[in-house]
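Read off the chains here:
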Amino acid sequence: MKILVTVKEVATVEDEFEIEGTEIADQYLGADLNEWDDYAIEEAVQLQEDGIADEVVTVTIGPEDCEQTIRQALAKGADRAVRVWDDALEDVDLLDVGAKTEILRAVVEEEDPDLVLTGVQAGDDSFAATGVSLAEDLDFEWGAVVNHLEHDFDDDTASVRRELEGGVEELTEIELPAVLTIQTGINEPRYASLRGIRQAQRKELDVQSLADLGVDESAIESELELTDMYEPESESDVTVWEGSAEDTASELGELLREKGVAP
Amino acid sequence: MTDVLAITDHRRGDLRDVSYEIITAGRQLADETGGDLHLAVISGTVDEFADKLDREGVDVIHTVDVGEEFNHNVYTQVVTQLYDELAPQYVLTPNSVNGLDYAPAVANRLGLPIVTDTVDLDTDGETLIATREMYGGKVETTSELADNAVVTIRSAEWPVAEGTGDAAIEAFDADIDESQQGSTVTGFEEVGGGDVDISEADVLVSVGRGIEEEDNIPIIEDLADALDATVSSSRPIVDNGWLPKNRQVGQSGKVVTPDVYIAIGISGAVQHVAGMKGSDTIVAINTDPNAPIMDIADYAIHDDLFDVVPALTEEFQ
Ligand SMILES: Cc1cc2nc3c(=O)[nH]c(=O)nc-3n(C[C@H](O)[C@H](O)[C@H](O)COP(=O)(O)OP(=O)(O)OC[C@H]3O[C@@H](n4cnc5c(N)ncnc54)[C@H](O)[C@@H]3O)c2cc1C
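As you go down the protein sequences, you meet chains A and B in turn.
All residue numbers for the first sequence refer to UniProt numbering, where the first residue is 1 and numbers rise by one.
All residue numbers for the second sequence refer to UniProt numbering, where the first residue is 1 and numbers rise by one.
No lab work stands behind these hints, which were simulated from the structure alone.
This structure is a prediction, so every number in the text was calculated from the model and none was measured.
Any given hint might turn out to be false.
As the list claims (entries may be wrong) - Derived pair list, reagent style DSSO-like, types lysine-lysine, alpha-carbon separation capped at 27 Å: (1) B/Lys254 x B/Lys277; (2) B/Lys277 x B/Lys245; (3) A/Lys203 x A/Lys2; (4) A/Lys259 x B/Lys254; (5) A/Lys259 x B/Lys277.
As the list claims (entries may be wrong) - Ranges of calculated distance between the beta carbons of each label pair, as one might list FRET restraints: (6) B/Ile217 x A/Glu64: 18 to 28 Å; (7) A/Asp87 x B/Glu68: 43 to 53 Å; (8) B/Asp84 x A/Ile197: 46 to 56 Å; (9) A/Thr239 x B/Gly278: 16 to 26 Å; (10) B/Pro289 x A/Tyr191: 30 to 40 Å; (11) B/Glu68 x A/Glu20: 48 to 58 Å; (12) B/Thr184 x A/Asp50: 20 to 30 Å; (13) B/Ile217 x A/His148: 22 to 32 Å.
Every residue, glycine too, gets a C-beta built ideally from N, C-alpha and C.
Could you build all of it, start to finish, from the sequences and the hints given here?
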């Protein structure tokens, strides 16, 4: 079985930041492997260690800068990586679900995996829709918000649990090929070992342009135009206690006594 | 094409709250587009559901009697067929776990753009302006999209629709292709039971990722001991296995309503807030003065939890 894992480098934002137009100013941004994708990678690598997956390939849409993040996935055990980038993507403010679907579909068609794992959502744009959209586009089956996957795949079926709201899980049988969007908590993502990090440097990282993939530039035009970004207006009238930790702790202590909830 | 089609959510025989909220969101949009609000209720006891959903502002309720519980293949087929029949401008679905399991498929099949987890919607009839958050709630954005779209709405952002309506209730005869059914729901399971029921606690000392390591959890337990309170947490703490599942507060965890909720090193992501916003008094201890938790906190300390929490524990020892 071959598994394709989508891996995104997401932007992280410092506590204090400034907005320039429809972007957060560069100096306040960091970069990290998308939290949900980390669990997807781990699940794929475990399937490989269990002798079920023969190959784990990652796919990333992103500029050269994100190769460090991709190497992280390779260091955790993925066999090789595909990175898609193109000048045409450079100027896009917000790549929408449709555009991501177009690109990823082309990669899936080239790789022909039995199983695609994506994170439930990306921590930056948080659309939480690309996996299911991709599945439908490919005529694959799918499952969203999967927090448990049985590793036996009897009858080419994935037995999963989907995490619904309020502590309820749904048990579902999903025919392969399928796309599963992976929820945090499904496993315990590993740290890359030193050996893994060394090996990752030698693994294949293949860069493809839209033309290489046969994707027309017009197909990735975002239908969503970001028009404004601002800090949400706080509706709260929060009382902020100031001072040293002892001072603020004693204010809070006072409140808890007043409320009669502390001795 | 000015109508709005809103899809309702239910599970195990009960309509979910967002089904009444989506009426409000849908009515608001339909007023702006000058169209009708069509509601659809798919699977389950649809006639019973339709009676409950007949609230003010709904023009038509389409009942689709197909199966008992949610199945994404069925929902995808039904919603695309309803779209073909009604030609609405917008399709609204809840941004629930199930909504996210079919709305993107519907959008893809219909060749429509999708915008998820919206908290506000506006339209001049031609362009939809969708407000949503990015970066875990640190910023809010507006995006515009022309023409038709599939839109998922965040729960608890629009008020529940009230009043009795006089909607036309129409059975919709969906044509379900069984060969497209590659996914079968086989059951449900409640998780997160166990020794402690955090939803019963009067005071919750709740710990988030700011605690950094498992070895630091005792700082929080010591405080809870001193206050005779119960320890709860945000999701990452449970994902990491530092506390059992029954301690998780939030959308996929427990809903809690204590007298006092002390959120320590918790950012206040929407899925967390969903579980604790009903607390009587909310206190946040967080180094980030702009963390979303500050929007719902009554009292806040903008400081390092590793300084504040031990000092507080000391107060009560
Ligand atoms: C489908 C779905 C369901 C979900 N269900 C839930 C759910 O039920 N419950 C839930 O909680 N989450 C849930 N989540 C996850 C949610 O989106 C957030 O990822 C999570 O709540 C973040 O937890 P956190 O606030 O502890 O961590 P973070 O967001 O990482 O926040 C940590 C906070 O600690 C502060 N901090 C750091 N160091 C210190 C210090 N030394 N002193 C003081 N403060 C410090 C930081 O400023 C930050 O605000 C769900 C997500 C999805 C997609």
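Hints versus structure:
Note on B/Lys254 and B/Lys277: the hinted pairing holds, with a Cα-Cα distance of about 12 Å set against a maximum of 27 Å. The hinted pair formed by B/Lys277 and B/Lys245 meets the criterion: a straight-line CA distance of about 20 Å does not exceed 27 Å. For the suggested pair A/Lys203 and A/Lys2, the alpha carbons sit about 17 Å apart, so the restraint of at most 27 Å is met. The suggested pairing of A/Lys259 with B/Lys254 holds, with an alpha-carbon distance near 24 Å, which does not exceed 27 Å.
Restraint check: the Cα-Cα separation between A/Lys259 and B/Lys277 comes to about 18 Å, which is no more than 27 Å; the hinted pair holds. Between B/Ile217 and A/Glu64 the Cβ separation comes to about 40 Å, which falls outside the hinted range of 18 to 28 Å. At roughly 51 Å, the beta-carbon separation of A/Asp87 and B/Glu68 lies within the given 43 to 53 Å, and the hint holds. Separated by about 52 Å at the C-beta atoms, B/Asp84 and A/Ile197 satisfy the suggested range of 46 to 56 Å.
At roughly 20 Å, the beta carbons of A/Thr239 and B/Gly278 sit within the given window of 16 to 26 Å. The supplied range of 30 to 40 Å is met by B/Pro289 and A/Tyr191, whose beta-carbon atoms lie about 31 Å from each other. Checking the proposed 48 to 58 Å range against B/Glu68 and A/Glu20 shows it holds: the Cβ atoms sit about 52 Å from each other. Against the hinted window of 20 to 30 Å, the Cβ-Cβ separation of B/Thr184 and A/Asp50 comes to about 24 Å, which satisfies the hint.
Between B/Ile217 and A/His148 the Cβ separation comes to about 25 Å, which falls inside the hinted range of 22 to 32 Å.
Hint 6 from the earlier list is the only one contradicted by this structure; the remaining hints agree with it.
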